[in-house]
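Engineer: Now for the letters of each chain:
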Amino acid sequence: MNYFPDEVLEHVFDFITSHKDRNSVSLVCKSWYKIERYSRQRVFIGNCYSISPERLIARFPGLKSLTLKGKPHFADFNLVPHDWGGFVYPWIKALAKSRIGLEELRLKRMVVSDESLELLSKSFVNFKSLVLVSCEGFTTDGLAAIAANCRFLRELDLQENEVDDHRGHWLSCFPESCTSLISLNFACLRGEVNLGALERLVSRSPNLKSLRLNRAVPLDTLQKLLMRAPQLVDLGIGSYVHDPFSEVYNKLKIAIQRCKSIRSLSGFLEVAPHCMSAIYPICGNLTFLNLSYAPGLHGNKLMKLIQHCRKLQRLWILDCIGDKGLGVVALTCKELQELRVFPSDPFGAGNAAVTEEGLVLVSAGCPKLNSLLYFCQQMTNAALITVAKNCPNFIRFRLCILDPIKPDPVTNQPLDEGFGAIVQSCKGLKRLSLSGLLTDQVFLYIGMYAEQLEMLSIAFAADSDKGMLYVLNGCKKLRKLEIRDCPFGDAALLEDVGKYETMRSLWMSSCEVTLGGCKSVAEKMPSLNVEIIDECEQMEFNLDDKQKVDKMYLYRTLVGHRKDAPEYVSIL
Amino acid sequence: MEVGVKMGMKGGGDEVGGKEKEKMGYEETELRLGLPGDGEVVRKRDFSHTVDLKLNLISTSPTDGKDKNIVPPHLDPATPPPAKAQVVGWPPVRSFRKNMLATQKSSASEDSGEKAAFVKVSMDGAPYLRKVDLRMYKTYQQLSDALAKMFSSFTIGNCGSQGLLKDFMNESKLMDLLNGSDYVPTYEDKDGDWMLVGDVPWEYASLYLIISSTTLTALLLLNFQSFFPNQKNSFNDRMMFIESCKRLRIMKGTEAIGL
Numbered sequence: 001m002n003y004f005p006d007e008v009l010e011h012v013f014d015f016i017t018s019h020k021d022r023n024s025v026s027l028v029c030k031s032w033y034k035i036e037r038y039s040r041q042r043v044f045i046g047n048c049y050s051i052s053p054e055r056l057i058a059r060f061p062g063l064k065s066l067t068l069k070g071k072p073h074f075a076d077f078n079l080v081p082h083d084w085g086g087f088v089y090p091w092i093k094a095l096a097k098s099r100i101g102l103e104e105l106r107l108k109r110m111v112v113s114d115e116s117l118e119l120l121s122k123s124f125v126n127f128k129s130l131v132l133v134s135c136e137g138f139t140t141d142g143l144a145a146i147a148a149n150c151r152f153l154r155e156l157d158l159q160e161n162e163v164d165d166h167r168g169h170w171l172s173c174f175p176e177s178c179t180s181l182i183s184l185n186f187a188c189l190r191g192e193v194n195l196g197a198l199e200r201l202v203s204r205s206p207n208l209k210s211l212r213l214n215r216a217v218p219l220d221t222l223q224k225l226l227m228r229a230p231q232l233v234d235l236g237i238g239s240y241v242h243d244p245f246s247e248v249y250n251k252l253k254i255a256i257q258r259c260k261s262i263r264s265l266s267g268f269l270e271v272a273p274h275c276m277s278a279i280y281p282i283c284g285n286l287t288f289l290n291l292s293y294a295p296g297l298h299g300n301k302l303m304k305l306i307q308h309c310r311k312l313q314r315l316w317i318l319d320c321i322g323d324k325g326l327g328v329v330a331l332t333c334k335e336l337q338e339l340r341v342f343p344s345d346p347f348g349a350g351n352a353a354v355t356e357e358g359l360v361l362v363s364a365g366c367p368k369l370n371s372l373l374y375f376c377q378q379m380t381n382a383a384l385i386t387v388a389k390n391c392p393n394f395i396r397f398r399l400c401i402l403d404p405i406k407p408d409p410v411t412n413q414p415l416d417e418g419f420g421a422i423v424q425s426c427k428g429l430k431r432l433s434l435s436g437l438l439t440d441q442v443f444l445y446i447g448m449y450a451e452q453l454e455m456l457s458i459a460f461a462a463d464s465d466k467g468m469l470y471v472l473n474g475c476k477k478l479r480k481l482e483i484r485d486c487p488f489g490d491a492a493l494l495e496d497v498g499k500y501e502t503m504r505s506l507w508m509s510s511c512e513v514t515l516g517g518c519k520s521v522a523e524k525m526p527s528l529n530v531e532i533i534d535e536c537e538q539m540e541f542n543l544d545d546k547q548k549v550d551k552m553y554l555y556r557t558l559v560g561h562r563k564d565a566p567e568y569v570s571i572l
Numbered sequence: 001m002e003v004g005v006k007m008g009m010k011g012g013g014d015e016v017g018g019k020e021k022e023k024m025g026y027e028e029t030e031l032r033l034g035l036p037g038d039g040e041v042v043r044k045r046d047f048s049h050t051v052d053l054k055l056n057l058i059s060t061s062p063t064d065g066k067d068k069n070i071v072p073p074h075l076d077p078a079t080p081p082p083a084k085a086q087v088v089g090w091p092p093v094r095s096f097r098k099n100m101l102a103t104q105k106s107s108a109s110e111d112s113g114e115k116a117a118f119v120k121v122s123m124d125g126a127p128y129l130r131k132v133d134l135r136m137y138k139t140y141q142q143l144s145d146a147l148a149k150m151f152s153s154f155t156i157g158n159c160g161s162q163g164l165l166k167d168f169m170n171e172s173k174l175m176d177l178l179n180g181s182d183y184v185p186t187y188e189d190k191d192g193d194w195m196l197v198g199d200v201p202w203e204y205a206s207l208y209l210i211i212s213s214t215t216l217t218a219l220l221l222l223n224f225q226s227f228f229p230n231q232k233n234s235f236n237d238r239m240m241f242i243e244s245c246k247r248l249r250i251m252k253g254t255e256a257i258g259l
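Chains as they are written, first to last, in full-length UniProt numbering: chain W, 1 to 572; chain G, 1 to 259.
Source of the hints: derived by calculation from the structure; they are not laboratory data.
Wrong hints could be hidden among the right ones.
[As the list claims (entries may be wrong)] Covered, in the sense of this in silico footprint (three residues per stretch, anywhere, with C-beta under 8 Å from a C-beta of chain G), are these stretches of chain W:
1. 73–80
2. 150–164
3. 184–195
4. 336–344
5. 400–411
Ideal Cβ placement from N, Cα and C applies to all residues, glycine included.
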């Protein structure tokens, strides 16, 4: 292997793009490690506390694109206090000081301050792409800095962030010389935007392919934007409210018909459902349709729209589509690979409008289905068994029954057999989320059959430690395990502490693990950070090892205890 | 400024401690002077607080640790399920999504009935624009008459403040307060046009209040309620989303030739 000069190997490595493969390549020998690290441009860090920015910079001097994830997944559901951590500032500061020519930064569940954004915007001449997903801590002032200072910006993609909207003129901060935008997504912003500035920006961005607007962009502006950007591939509509007899609506129809390249459609954050016919001309080419933020669209109007979307591969929808609507999906969308059905009443007080029937219909009609997120009223073992038979290709299967411990309503049995069928049939299953009444049995099945499983989410399930043990022993490729409200205790936690070093992280909340058990893990495994999150500050007054721990988050790390943890987090 | 409604939760939630704002009725009694966008940010925190409640409910089986965070399972399909309490983090929906849907719901539920069709009216040479609700008029003649009234002081060359105010506002109170001064409250809307304050009902407007004298500013801020006697119950009125509609423009006759 060392017969080739370095340049040749480097050239070969250029073709190896997946992070996993590049990681493997670097482990072959010292020489390959060296060549690989100098040629690496893209790095993915799944847990920002597993490594430090200094070490990253030292190893990969050619870094151009960095992806960072911060808070644990359950932070999405308010289980992690706001100031727990995940700050991006130290990373940007370190990168700015170095010679790294950063071009792309993708962050998920991190705390991003305006200061960070400003520093970012001023430190990297060739910065091109900023993607923020589920982040918080910044305002539109930070966006203004990005707009103003990043001369070659191609992508500004904001997905589901909590942004303090100062209703400023951040859009106006893009200089007239900025003509390089390819992707602009500000759908999550709540405030007004300068519509004139938006129109001018789109006019001077001939490469714009993706544009997702927020609710404050009215229909007449949309029409003007579409006239200026008929080359769009991905469109997110903000407000879609108008009078069907108005001139604006007619102009919109013409504008939409010119947009022959649109393959992805989302938004409708505000919608007048009687005017959807203008959209029909582009439906036939859509591969992705996201109506999960369009509660105003339901019933027959929704079904009619879907009936036009014969090429759909991904559909994100609210449960007001109903089982009947899912039947329409099953008949129409034969290419469907991914389905996400979100609850239209996310506080769970009402009833979800979909049941196991809708899922069975889709599984029967859409044989290519491989990714599912399904919030429903109820589920039966029979339905799950049928789904498993119809769709053996699931990679992601996430089921959420709104009543988390609801049994099969027909048989009153737990859903062990149903989920067992899923893991047995879907040999490529990588991600699984369970709900409903479940005993240790389902975990036996998971341990036995889910050989490719990488991420498992468990809530209100199992009878004893055995459940957790089945999983830890059986799932060799497990990387992330998150558990809440299950009767798993120290015995399960301590059975094989070495396992946790092979995983990215373990989350356990409202389980039976004790402070003593957690301390034991920390002692045996110095390569793990074992964090106890104790908001009620019970630990301060009662340091008894037998005390049950409310929230524990442990993860492997190369850099020891983090220094930025708030007071209520103890790292053992 | 906010006034929250504190209401006790069923099932002894009072002992939990901490503040809670029941979703029910809160929006209607909310008092705010800020822009509508601010209100939505405030709302987000309230819902988060609601969801963050940890309720100590009485479990049917005390030995079953599983039940400590939720109501007992409801296995009888015949009777409707009991009112569910909020469980922290369940259903597992991202806070952003929850907040967004909640915001959309509240503005939709309060928007029962038809929307008003407010349209800007500009008149060449007039210092500011007006807004009319087209739905108020059944015929073109009615609309025309209303517009004539609105802009009559301009056409007959009477730009004196008293004449203006009488026609425009029909509010003698405003006149008194202004003491015949030359100042008129206007605001700049999102398109950059200067609009006369008051055409659009209070809760419909997104305003920047820009007023020429500081005294008037203070007075107006304190006494806004009195300018709009019909709006006494404005905070209980339906909230509506403001539309930037097509405009009306009153042109000089000579310019209109050839249109």
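Engineer: So is the segment 184–195 of chain W in contact with chain G by the C-beta rule, three or more residues under 8 Å, or is the coverage claim wrong?
Structural biologist: holds (count 5)
Engineer: So is the segment 336–344 of chain W in contact with chain G by the C-beta rule, three or more residues under 8 Å, or is the coverage claim wrong?
Structural biologist: That given contact holds, which follows from 3 residues of the segment 336–344 of chain W lying within Cβ reach (below 8 Å) of chain G.
Engineer: Please verify the coverage claim for the segment 73–80 of chain W: does it have three or more residues whose C-beta sits within 8 Å of some C-beta in chain G?
Structural biologist: Since three or more residues must qualify, the claim that chain G covers the segment 73–80 of chain W holds, with 5 doing so at under 8 Å.
Engineer: Can you take a look at whether the segment 400–411 of chain W is actually covered by chain G? Rule is 3+ residues, C-beta closer than 8 Å.
Structural biologist: The restraint on the segment 400–411 of chain W holds, since 8 of its residues have a Cβ under 8 Å from chain G and three suffice.
Engineer: Can you confirm whether chain G covers the segment 150–164 of chain W, using C-beta to C-beta distances below 8 Å and requiring at least three such residues?
Structural biologist: holds (count 4)
The structure fails none of the hints (numbered hints given earlier).
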